[in-house]
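Engineer: From just these sequences and the hints, can you work out the full model?
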Amino acid sequence: RHWNVTNDFTCVLCHSGTWEDWQHLFFGCQFSQRIWNYLHIQWFAGVDLKQIISDTQRSFGHPFFVEVVAISCWHIWKERNRCVFEGIRPSFRSWRRDFIEDISLLQHKFKPPWVGPSSFG
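To convert, note that position 9 of the sequence shown is 9 in the numbering used here; the numbers rise steadily by one, no gaps.
Just so you know, these hints were derived from the structure itself, not from any lab.
A few of these clues could be false.
Claimed, not checked - Straight-line distance between alpha carbons at most 20 Å, and here's what the computed SDA-like set of lysine to any residue pairs gives:
no., residue 1, residue 2
1, Lys78, Phe60
2, Lys78, Gly28
3, Lys50, Ser91
4, Lys109, Phe64
5, Lys50, Asp21
6, Lys78, Arg89
7, Lys50, Glu67
8, Lys50, Phe26
9, Lys109, Val66
10, Lys109, Val69
11, Lys78, Phe9
12, Lys78, Leu39
13, Lys78, Leu105
14, Lys78, Ser94
15, Lys109, Leu39
16, Lys50, Cys14
17, Lys78, Gly61
18, Lys50, Arg93
19, Lys50, Phe64
20, Lys50, Gln30
21, Lys78, Val12
22, Lys78, Trp36
23, Lys109, His62
24, Lys50, Tyr38
25, Lys78, Arg93
Unchecked claim - Distance windows between CB atoms, simulated:
no., residue 1, residue 2, range
26, Phe44, Ala70, 13 to 23 Å
27, His15, Ala45, 36 to 46 Å
28, Asp8, Ser59, 32 to 42 Å
29, Arg89, Lys109, 13 to 23 Å
30, Pro63, Ile88, 16 to 26 Å
31, Pro63, Thr10, 35 to 45 Å
32, Arg82, Gln51, 18 to 28 Å
33, Trp77, Ser16, 15 to 25 Å
34, Ile53, Arg96, 21 to 31 Å
Glycine is no exception: its CB is placed at the ideal position from the N, C-alpha and C atoms.
Structural biologist: Put into structure tokens, the structure is as follows:
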């Protein structure tokens with residue numbers, strides 16, 4: 001399949017030399033942090049993951065938190081895999097385009113003023 005697979009387990013999204021585990025990939029990575037800043041989601045520190053999610057959801061203040069986080073993480077994972085398997089450089093612009101495309105499929109669930117291109121555009 002001509003996949004570009006190596007034995008290097010460091011993060012391919014931020015090139016910080018940090019070991020790529022799920023916590024770094026989705027929350028600690030500079031690439032991911034840019035995404036959370038863009039979405040106005042501030043992850044609270046803590047030991048208990050359930051409490052971290054609960055506190056972050058409360059601060060987000062909108063009813064579609066789970067959908068936004070799930071779609072965001074999915075597209076972070078896809079950017080990572082494009083880089084690892086296809087050699088395509090990670091791009092915030094690419095992540096944003098794909099995120100907006102997928103989140104727009106859920107607009108029927110959103111109430112005004114969260115409907116429309118200005119919600120995440």
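Engineer: Do His15 and Ala45 keep their Cβ atoms within the hinted range of 36 to 46 Å?
Structural biologist: 24 Å, violated
Engineer: Please verify whether Lys78 and Phe9 have alpha carbons no more than 20 Å apart.
Structural biologist: Holds - the C-alpha atoms of Phe9 and Lys78 are around 17 Å apart, at most 20 Å.
Engineer: Does the Cβ-Cβ separation between Trp77 and Ser16 fall within 15 to 25 Å?
Structural biologist: 18 Å, holds
Engineer: Verify the proposed pairing of Lys50 with Phe64, using a straight-line Cα cut of 20 Å.
Structural biologist: Holds, at about 17 Å.
Engineer: Just to be careful, I want the Cα atoms of Lys109 and Val69 compared with a cutoff of 20 Å; is the pair within it?
Structural biologist: 15 Å, holds
Engineer: For the pair we were handed, Lys78 and Trp36, check the Cα-Cα distance against 20 Å.
Structural biologist: Judged against 20 Å, a Cα distance of about 16 Å means the pair holds.
Engineer: Would the pair Lys109 and His62 pass a check requiring their Cα atoms to be no farther apart than 20 Å?
Structural biologist: This hinted pair holds, its Cα atoms lying about 12 Å apart.
Engineer: Given the proposed pairing of Lys78 with Ser94, does the C-alpha separation stay at or below 20 Å?
Structural biologist: 10 Å, holds
Engineer: Does 32 to 42 Å hold as the CB distance between Asp8 and Ser59, or does it fail?
Structural biologist: 36 Å, holds
Engineer: For a C-alpha distance cap of 20 Å, please report whether Lys109 and Phe64 respect it.
Structural biologist: Since the Cα atoms of Lys109 and Phe64 sit roughly 8 Å apart, the hinted pair holds (cutoff 20 Å).
Engineer: Given the range 13 to 23 Å, decide if the beta-carbon distance of Arg89 to Lys109 lies inside it.
Structural biologist: 33 Å, violated
Engineer: Verify the proposed pairing of Lys109 with Leu39, using a straight-line Cα cut of 20 Å.
Structural biologist: Distance ~18 Å between Lys109 and Leu39 Cα, so the pair holds.
Hint compliance for this structure: hints 1, 3, 16, 17, 18, 20, 24, 27, 29, 30, 32 are broken, all remaining hints hold.
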